[in-house]
Amino acid sequence: MASNFSWTKQWYPVTPVSYLDPSEPTAITLLGKRLVLWREQEGKWIAMDDTCPHKLAQLSLGKITEQGTLMCRHHGWCFDSAGKCTHMPMVRDEKALATACKSERSQVVTYPTQLLQGLLWVWPDDSSTAFADCTAKQPAVIPETQIDHSATDWFMSEVPVGYTISVESSFDPSHAQFLHEGIAGFSPERAIPIEHFALLGEMSSEAGFTLQHSGYNIFNRDMDAKRQFTPPCSNTTIYQYANGKSVLFQLYFVPTKPGYCKHIGKFIGAGAPVKEKFWLKLLPKYLQIGLKHSSNYKLSNQDLSMMHSQAVNESVGEETWKNSYFMPAVADVGIVTFRQWLDKFAGGEPAWQGVTAAPFRELSDEQLYDRWHRHTKHCPSCRQSLLLLDKIRNLCQLLTGILVIIALLLIVINLPLEIVLIPVLLGMLNLLLFYKIGSIRHRFISSIPQQGLPIVQLY
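Going left to right, the sequence shown walks through residues 1217 to 1675 as our numbering numbers them.
Just so you know, nobody snuck in bad clues.
Using 27 Å as the maximum straight-line C-alpha spacing, the simulated DSSO-like pairs for lysine-lysine come out as follows:
hint, residue 1, residue 2
1, LYS1508, LYS1607
2, LYS1493, LYS1652
3, LYS1300, LYS1271
4, LYS1225, LYS1353
5, LYS1652, LYS1497
6, LYS1279, LYS1593
7, LYS1560, LYS1538
8, LYS1482, LYS1260
9, LYS1300, LYS1311
10, LYS1607, LYS1497
11, LYS1497, LYS1514
12, LYS1514, LYS1652
13, LYS1260, LYS1318
14, LYS1279, LYS1260
Calculated directly from the structure, the hints in this document are not laboratory data.
With the sequences and hints as input, model every part of the structure.
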């Protein structure tokens, strides 16, 4: 396969900035490289190898010092924003310390970063010219349109499905009516064949390609859709309707490691905003966001189930997609076009750095539908929501104990039954609240039901 596309000399969005804690280092993986993100004193985000040169401990386990350096927790070595070691506590001799800190062996490789449209972008090239090379290329940001994209928050999940299958699925719009039956009006009965699906212009290594296609259900039969793939990982889709309204989907599929991919995206509609329930507005903002996130897993679970099943079947055969896929419909043009670009320009798959693709391992439902590692641990709103729910549960336990004691005391002093029943009933209500909060809490952890059969209900 041809490969004149450089996977490392590209800008990748690695996380929404809102997902980062400026006071702590954050570990990420990109193209198999383990990196650490941290913010120095002047507010610039730094990306460097997540490896201390002393004994290879992960720097992401360290802390940001008052001097604006990143300290390794293992032995206290400190590194500045350029990756230079500035302090080794166990080396007391100043001359020896200066010599050790000047050594290339004490330095950590850093990578170019920039902030654009609420995302932190990293250029994962470790060559000596990386900081100069990156200035010649701009990240694949959301294009200027009449739609205000700043009013919508980014959403990020790291899923146990590889880069290729993830991107391929985003160029396969006709699956929605079948795979997502029962959600947002999707139904096989409402599907219509895509009559037009074609490449606009030429595809290229750096610019990718743009596709145009017609509608695929009875509601969007009159739309004109464009799907633009900008390497290495951007899919910008715009639906233009006959009534003048338009919708934009911005998706990024960031290859983290073999078999895993980070999905970052936002949906920007031209219609009126959805009216929120009154009681939801009374909650803290982070809890509002967390509850929304925790209730919107069904569609992505459906995607995960199908993409993982595809990966399972691909792993047992040695045939290429050209021989194993049968693509007779116009609707398949998007899939074929992306695969052709990947083969012609990019070597057929991401160029992993320092890792090799291990034999495929089929995941259990508990692993596939895990929500903590997929999203909750990355999302500050969901983490805060989880902590609040735990506090409420603990309070419920405490109050239940207190109410039981009060009820017993009322019995001992021989008060009327109707008075004794007050703390008893309050305790029962408190206990119901405890279990209800536990049920809501579980939605942040897993899609596997707490009760009944441990089977995820996809439909």
